[in-house]
Structure formats: C-alpha cells, structure tokens
Amino acid sequence: MFNSLSDRLTATFTNLRGRGRVSEKDVNSTIRDIRIALLDADVALPVVRAFTSNVRERALAAEVNQALNPGQQVVQIVHDELIEILGAQTRGLQLAKNPPTVIMLAGLQGAGKTTLAGKLAHWLKEQGHTPMLVAADLQRPNAVTQLEIVGERAGVPVFAPERGNVAGYDAAVEYGSGTRGYGDPVEVARRGVEEAKHQQRDVVIVDTAGRLAIDTELMAQARDIRDAIQPDETLFVVDAMIGQAAVETAQAFLSGVDYTGVVLTKMDGDARGGAALSIRFLTGRPIMFASTGENMTDFEVFHPDRMASRILDMGDVLTLIEQAQKAFNERQQSSMARKFIEAEDFTFDDFLEQMAGIRKMGSLKSLLKMMPGMNQMRDQLDALDEREFDRVEAMVRSMTPYERSHPKAINGSRRARIARGSGVHVSEVNGLLERFGQAQKMMRQLRNGGGMPGMPGMSGMPGAVGGGKGKKKGKAVKGKSGNPAKRAQQEAELKAKREAARQAAIDAAFGGGADAETTMGAPGGAFGALGGAKKQPSAEELMKNFDPNKLPKNFGDFLK
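In this text, residue positions in the sequence shown follow full-length UniProt numbering: the first is 1, and each later residue adds one.
Derived from the structure by calculation, the hints contain no laboratory data. Note that beta-carbon positions come from the ideal geometry of N, C-alpha and C, so glycine has one too. A few of these clues could be false.
[Claimed, not checked] Here are the computed distance ranges between Cβ atoms for each label pair:
# : residue 1 : residue 2 : range
1 : LYS97     : GLU353    : 35 to 43 Å
2 : ASP215    : ASN15     : 48 to 56 Å
3 : GLY128    : SER29     : 49 to 57 Å
4 : ASP7      : GLU491    : 51 to 59 Å
[As the list claims (entries may be wrong)] The calculated lysine-lysine pairs, modelled on DSSO-like cross-linking and capped at a C-alpha distance of 27 Å, are:
# : residue 1 : residue 2
5 : LYS97     : LYS197
6 : LYS97     : LYS125
7 : LYS125    : LYS360
8 : LYS125    : LYS197
9 : LYS441    : LYS408
Using the sequences and the hints given, assemble the complete structure.
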C-alpha cells in the first residue's frame, strides 16, 4: 500500500543517516522532499502542512543538534510524527457492559463492508466471543446471499430477511445458519439485535447498505438504523485505494452517522495510501482495523506505531511474532523445545508441521514484508512463487515415514522415487535434502554452543567476538563412564551444558541475561525462540532488546 511513499522517504533519509551535523539547509531540503512524497501519496494538503511544520520545528531544535547521530534523530522525529498523524494509541473495540455489543458498519458501496463484516466476526470468534451477523443491506442485489456465504466461511450465524417478504416479522422462518425475518432494513437491524439477545450472542455486527456516491437517502437510512439499534460502535469502512476522495467521504459520514472508528480495506493494493494518513487527522476518529487481503485471516488491529515503522521500512516484527505465537500451539512449541534440549534431530515431519503453521500466518510475501529493510528487496519478493511451498510439501509427502525421520537414508533410488511421486526433477529433491541438512547442522551448532557463522558474540565462528578461525582442536571428549553413578553425573553435566549453550544463543540474539524475568523457550520454531517456556513473553517484551544486527549474515538464505 505505501510502497511509493516508503521508497521516497527511504531515499530522502539515505543522505541524512550517519551525518555528524545537520544544518538548516539540510533540514529544509529534507522537508521539501517529504512534502513532495506526501503530496504524491495523495495525503490531504492540511495534513501535509501540519506534518512538515512539526517535523521542521523539532528538527531545528536542540534535540537534533545535541544528538550523537543527528541524521538518525531526524528519521526518529519523522517516525514519531507519523505515529501522531496515524493516531498515537491503538484503539480497541468498546464492548458493552451488558451484552450484546452492537457494531454497525457504514460506508460507500464497493468499500468491502460485507467481506469486512465476516472478517471482523471471524476475528471476534478467535478472541472468544460469540458474534452474529445481521444483513440489513437489502438494496444491493445478492448482498444478503453474499453475507450468508461470508458468515459460513467465518463460522458465524447470519440473521437475514426472507427474500421478497416486506409484510412483517410474522412471516419469519428458520433458514440455514440463521433466522430470516422482516424486509425493511431498519426493522431487520432491530430484529437482528433482539435475536442475538435471544441466542445469547455477545456481539452483533450489522451490515448496512451503501451507495456509489453520498446522497441524502443513504444518510437518512443509516441514521434510522443507528437510532433503532443504538450501536456501541459505528465503524466507517473505507477503501484505502480511493485517494483523497476518502477524506471527503469520511467527513460526510461523520456528520451523517457520527461514527466512532474507521476501518481501512484493500490495504494490500498498490494505491498511494494517502487516505490512511489523512482520515484520522481530519476527522479525529481513530483507525481501528485494517483489511489486508481476501482471506478471512487477512485482518488485523491497526497499530499506529507499527504502521509508521512499515512506512519507513523499519519492519513490523512485533506483529510477525504475535502471528507466530497464534499459529503454533503449545504442544508444537513444547515438542520443538524438547527436541532441542534432548538433542533430537529436526525431522521432515517437524518441517511439515512448521510449514502448516507458517501458512496459518498468511502468505509468505506478507510475512517477509514485515521484516526490516524488505522494501529494498521488493523485486525479489514480487518474483517469489508461493507455489514453491506446494512443490516442497509434495516432495516431503512422497517420502515414507522412515525417510522423513531418517533423511540420511534417502539414497539415489529413493530420491528418484520421491521425484516421480511428487512430479519434480531429481535435482529438486537433492536441493531440498541439501538445504534441510544445512538447517539440521545449524540447529546442532546452536544446541552445542558452537554458534552460527556470522553471529557476533558467539563462540566457534570466524570473525566473532571471542571466536576465531584457526583454533586448535582440543582433546577428544571422553566416553561415558561404566560406573552408573558417574555416568548419571556426566549426563546431568551434559544436559546443564546444553541448557547453558541454549540460553547463551538466545541472549546473543535478543540481548537477554541470566537475570531476565522471563525465560524464553528453546529455538526451533518457525521464527526462533517462541516456544517451550512455562511463562511466555509478550511480543513487546520479546522485542525490547532485539538486535537485528546479531542475526546470522546468511539468515536470508533460509527465506529463499
């Protein structure tokens, strides 16, 4: 969504980073480039003026002149001001004290209200709520049918009118996943809320009709529905791709229905994205959610600070970690932690489980885009073929259970059979086994405290602090003692050594220490140390001391 704006801002800041001093001329030049970038992104002119004025005032103040890295301090100022423009604080849903919580959706036709209703219901269901959808859009052809399909995908009941029935609620019948009733949109909305109370649903989402343009009739009907159901939240759903027209629409709906929050849809598009930077500033209403794709899971809470980081190509690792924690259950995390501690090798069965978890998190492209600096690799990301996942899975599923557990047993004839079974060339099977072997080797190095190539601060690596190449081999490790008591002591010491090495690996990457309150689980999950701990850290705690510079230099090879 913000590709163009992100590229322009990144290019602008390239000349500033690393400078020991930033002059007024440098600041003015930077502000001019930022102004052009924002205007090209369809950001409203009042927003551009306020934003650049605040940045300029702070950039010329003492906080920059006295900074150790003035150029980086200017970038931080822009980041802070972006957060302010986007809303500063994350705004959640205001749930009613006495259920059900009533949520009304309003917006123009084509903004994606009906699909958004299903995504919101699916998200609420994952949060432990029992939502119900109400089809109050009775003017667009097949709008009711579409909501029923969306509700079925989300696993949520739908209250909808009986087709052609405008006589009254007495003609209502039970149908499919919900109840059908009265044909007037205001009455349908009111009866839908009553039905939700009857079914003891704690959230009701009312989908209302839209128009191709703002008109008096649209606003009157929306107001009538609002007055009839008294919603706890009225969400304005806006297509983020319509540019500056979004601001005019947002202001019209604000005066018409006085909505409490904004939802941006089609955030995965290639539009300039100025609406997101303008609506909140000009209306004073927070952006609460964002729809980022076609799937039910392509829906997220809008975090202003994280969105600002994405715009400036700083990534959004917190969201990435939260998605990983949801995708991998406690059993999977504990299993991987046990394998790591007990020195068991990572198998292809584990690989399949990890792949399934990654798929739950969304498309690989969307996940990689959350990594810092990925905007500079946009061409490679665009060329990424998601179908490669299917080819790899086909190869693994063409293996026997024994072969998945013992990859070294896969000889030439077995490789040829796997290739035939999965419809690929033998060379692709060879490549998969080679990459898998490298991953296993990396796991062993971490487990044994040997470190990983390119990981600063860990032993056993050329160029690392405390490490070095050319070290002489030490004496061979003694075998296990024949004395049972002594052997038990040796095993206990070995286990303690492995645990210390494991924690050292974690501390090296995340800046932790022995006195940290939260003990993280063992690495081995799809995104490192996410599992196995009795007390799991929150995303904020996990990222507090995270230093991306301490990741392996060849870390990107494992994303290919």
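Right, here's what the structure says about each hint:
| no. | hint | verdict |
| --- | --- | --- |
| 1 | LYS97 <-> GLU353: 35 to 43 Å | holds (42 Å) |
| 2 | ASP215 <-> ASN15: 48 to 56 Å | holds (49 Å) |
| 3 | GLY128 <-> SER29: 49 to 57 Å | holds (52 Å) |
| 4 | ASP7 <-> GLU491: 51 to 59 Å | holds (56 Å) |
| 5 | LYS97 <-> LYS197 | holds (14 Å) |
| 6 | LYS97 <-> LYS125 | holds (18 Å) |
| 7 | LYS125 <-> LYS360 | holds (16 Å) |
| 8 | LYS125 <-> LYS197 | holds (17 Å) |
| 9 | LYS441 <-> LYS408 | holds (13 Å) |
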